[in-house]
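The whole structure should be built from the sequences, with the hints applied where relevant.
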Amino acid sequence: MVFTAPVLNYTLLSPILILLGGALIGVLVEAFVSKGLRAITQLSVTLGTLILSLVQVWKIRNEQSLTAAAGSVVIDGPAVLLQASILIIAIISVFVIADTDHFTALAASLPGSDEERHAVQSGNQVTEVYPLTLFAISGMMLFPISSDLITLFVALEMLSLPLYLMAGLSRRRRLASQEAALKYFLLGAFSSAFFLFGMAYLYGYSASVTFAGIRESVVGGSGNDVLLLIGMAFVSIGLLFKVGAVPFHAWSPDVYQGAPTPITGFMAAATKVAAFGAMLRIYYTVFANAQWSWTPLLSAIAIITMLFGSLVAIAQRDVKRMLAYSSIAHAGFLLAGVIALNKAGLDASIFYLFAYGVATVGAFAIVTLVRDAGGEVTDLNRWKGLGKRSPWIATTFAGFLLAFAGIPLTSGFIGKFSIFSAAYESGAKSVVIAGVLSSAIAAFFYIRVIVLMFFTDSVQDGTSVEIPSALTRITIIFSTVVTFALGIYPAPLLSFITNLATFIR
Amino acid sequence: MIWLTLLMALPLAGSVAVALVPKANEKLIKQTAFITTLIVMGTTIAMAVNFQRDNVELQFIEKYSWIPSFGINYALGIDGLALVLILMSTILAPVVVLAGWNESHGGRWSIKSFYILILVLETMMIGVFAATDVFLFYVIFEAMLIPVYFLIGGYGSGERAAAAVKFLIYSLFGGLLMLASIIALYVMSGAQGGHTFDLKALSQLEMSSTTQNLLFLGFFIAFAIKAPLWPLHTWLPDAADSATPGTSVLLLGVLDKVGTFGMIRYCLTLFPEASRTFTPLILVLAVISIVYGAILAIGQRDLKRLIAFTSISHFGFITMGIFAMTSQGYSGAALYMFNHGFSTAALFLVGGWMISRRGSSTIADFGGLQRITPVMAWMFFIAGMSSLALPGLSSFVSEFLVLVGTFTRYPVHAVIATFGIVLAALYILIPVQKALHGPTTPGNENLSDLNLREKIAIAPIIAIIIALGFYPSPLLNVINPAATHVIAQLGFSDPVPTSGEK
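For the record, the sequence lines run as chains A and B. Heads up: the first sequence begins at 8 in our numbering, then just goes up one per residue. Heads up: the second sequence begins at 1222 in our numbering, then just goes up one per residue.
Careful, some of the hints might be misleading.
Covered by chain A, per the in silico footprint, the following chain B stretches (three or more residues, Cβ under 8 angstroms) [unchecked claim]:
no.: 1; segment: 1285-1295
no.: 2; segment: 1371-1385
no.: 3; segment: 1388-1402
no.: 4; segment: 1405-1411
Here are the simulated DMTMM-like pairs of lysine to aspartate or glutamate, each with C-alpha atoms no more than 20 angstroms apart in a straight line [as the list claims (entries may be wrong)]:
no.: 5; chain 1: A; residue 1: Lys395; chain 2: A; residue 2: Asp464
no.: 6; chain 1: B; residue 1: Lys1655; chain 2: B; residue 2: Asp1670
no.: 7; chain 1: B; residue 1: Lys1421; chain 2: B; residue 2: Glu1494
no.: 8; chain 1: A; residue 1: Lys190; chain 2: A; residue 2: Glu164
no.: 9; chain 1: A; residue 1: Lys395; chain 2: B; residue 2: Glu1380
no.: 10; chain 1: A; residue 1: Lys436; chain 2: B; residue 2: Asp1670
Everything labelled a hint here was simulated from the structure, so no lab data went into it. We put the beta carbon where it would ideally sit given N, CA and C, even for glycine.
Structure follows, in structure tokens:
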């Protein structure tokens, strides 16, 4: 038997390789750099890695290749756009993560133990969150460019495992945080199992694990359709779990609430980009010819997700939970882009993912600022009168909420318009009507928060707004500027996306 | 010359200027805002002079590519109707600023924010009438809710937050229905020769009558909420009750006109067939609005709510005139929109002064104002007479035209609507009698009459009301060519009046 060494195109893979290298350096920094210098070194390494990786992505933006890693990954326009979105979201998230005040001093210690107290007192803050973030990002970067099921699964685990850990790193309310991490891990493991199970069926159907091979069988229509249907269903469950679509959403409110807020923002934004990126690729290329088998069901899921997310969000009293349900509703809107199954749908989805991701990181960055002596205040009742005490922060947060609600002159409106018009064009009228309806419902709870902040008198209970650190400030300003710039003049980005976004197969 | 962009840019520049003034210098803030609105008014009048009134096509056209991926343009242009409404908006703005010189003081936020919001709103008011790209129109239509929301919720009185939310939810709901229709239009335009939002191109789309009916409803419900037509009116009395008088003037006088303007510009132009299909239903709703609004106005004890309900009655007249499909009805409706802006402004402003002096908005608390504050009482009287369409005042001409225009085609509706006029006499004369005449109610003895600023603010409105009552031709000359054109485009010709003698 002759062994042929795989040919790797290192230029095209460099964005991911740089990230993995940076993550490994981060692990070494954690072990060898003295505690005084550790945080700043980690931050520089992480940011440097991310920026270098983004530069590489920019350099390969016009490349197209099916053979970058022996047929396991595909580099094309959507791949580059999604990777760039993930990296930009990651960079602004790291600015918020850099405020180490959010993370436990020693994650390995029991909550409330002497060990923990000692770590806090000695200022021995561990900073493993940085390499974990980089590992997660490299998984996210790999996920939407995978072109066989094995790589897809590896990427899925690569992005998930660090996230499970990161969800448990909260400094305050550590038990809730650890509960969130465990919940996320268990349910995530279940969904991975479903995913793996579906993979097996798809292999049974097409005798291939590559997207090209499965696609050939789907187009040819020669295989056993039952295997295809089961395979598609289980793989979809795995993906829908990651994006938090109903009925696979149960983890997200608890995890959003329990995880440290900077991580929640990062997770909500970047995971969505990665998971929807992979979904778009799979449904647009592999399963495209079987669309009559999956669009009805996926449409139903989209409609239920939008309506459920919007309706349940109304009842929330906690800002993080409210944003979690709002992100469920947004997952429903994004599913409309998957269902559209046309070029306009692809462009719209990529635009929406980027716009929504940036606004989400910005919104969670603001949540980190509202605090009292015991840490962050996420109870909405205590956000009353925020507009009076810190008008700028409240106005910015209101801006993000308006963007989530899809009010014109914000990026959210352009995103919603483009995604709904693409879905309508492909005939998914019921999805569009449900989308418009749930937007109306969603507007209600976003506005309620604005009312709380601006039109209700504040209670003196020690809730105050922290002056944002310089880094957090960059994130908030960047998110705000992008959110409104994309609402007022989205033409350059839209045409950039339109020109690049074509799947090759 | 790019008149319309200039008009939109001026208030925006003014709002930036206001933002730069230090917060403590309240006087300079107000002066900057006032001068800005005066400049905008002057520019509008200059533009109106350049308007060719016999030309029925859109004028002062501007078109720049905005979002080419979706075929969206920044496209502006006005016809006679839009010109009249922009003129009304820009004349009302300085009046509102001057009349409500102190009304921003009781607000939740600074005086500065109040004037920034007002000026941003003025930009949008001009834009919403000038847009000829459906997407641009929608963007402004929705975005202008935000400043109004903060104006009501931040500077009003009473249950202002609740009223602001009610206003916003109603409007957003209507707006989203319209968005669904716009998406459908956009997709159809893509299938029929390329994505576009150009009003003219969209009006030539081929579509089945079912589609047309559904899309028409999407637009119409949004506009019927705005213009408040019964039964979608319930947000208005609350909003008007809570808002400051100045905000109410802009809300009822200008923003609600976007609804009736939209019915003409978008419903009739884009869906002529569906408009005809729904005319019987809409006329019934309009007649109900006329009578219902009037009856509820009679029953009001609160001055502000009373004015709000009279407006519901008046919007019924405007809607009836639009859907009568005659050129008189259309001209009457267009003129009515202009006149209603001024008569409502006069009522709200004078009413607002009365309320702030007395510290109560209950009609029964006033009494004998005619003796104590003669100027204020006279102004209220004239405003009221204009509201009930007394011959010789501007509203009479428009109400008469609407009724005549409706009668030639829908006599029964016109006759029932005429009862609205009788009821109008009641709803105006009862408060006039209670508030202005009769014995002086205790507590009113020391009320002060209008000061110079207030007199200067109200004078132009009263002058316009009287002048247009006797000589409406300058406006009608601008409106009439467009009216005949629109009615002809819809495939209607005015019914020939039947002779009474045989």
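>> Quick check: do three or more residues in the segment 1371-1385 of chain B have a beta carbon closer than 8 angstroms to a beta carbon of chain A?
In response: holds (count 6)
> When you check the alpha-carbon spacing of Lys1655(B) and Asp1670(B), does it fall within 20 angstroms?
Replying inline: holds (18 angstroms)
>> Quick check: do three or more residues in the segment 1388-1402 of chain B have a beta carbon closer than 8 angstroms to a beta carbon of chain A?
In response: holds (count 8)
> Does the structure keep Lys190(A) and Glu164(A) at a Cα separation of 20 angstroms or less?
Replying inline: holds (16 angstroms)
>> With the threshold set at 20 angstroms, check whether the alpha-carbon distance from Lys395(A) to Asp464(A) stays at or below it.
In response: holds (8 angstroms)
> Do three or more residues from the segment 1405-1411 of chain B put their C-beta atoms closer than 8 angstroms to C-beta atoms of chain A?
Replying inline: holds (count 4)
> For the pair supplied as a hint, Lys395(A) and Glu1380(B), is the alpha-carbon distance within the 20 angstroms limit?
Replying inline: At roughly 18 angstroms apart (the allowed maximum being 20 angstroms), Glu1380(B) and Lys395(A) satisfy the hint.
>> So if I understand the rule, the pair passes when the alpha-carbon distance is 20 angstroms or less; does Lys436(A) with Asp1670(B) pass?
In response: violated (61 angstroms)
>> Between the alpha carbons of Lys1421(B) and Glu1494(B), is the straight-line distance 20 angstroms or under?
In response: This hinted pair holds, its Cα atoms lying about 16 angstroms apart.
> According to a criterion of three or more residues whose C-beta lies within less than 8 angstroms of a C-beta of chain A, is the segment 1285-1295 of chain B covered?
Replying inline: holds (count 6)
Going through the hint list in order, the structure does not satisfy hint 10, though it satisfies all others.
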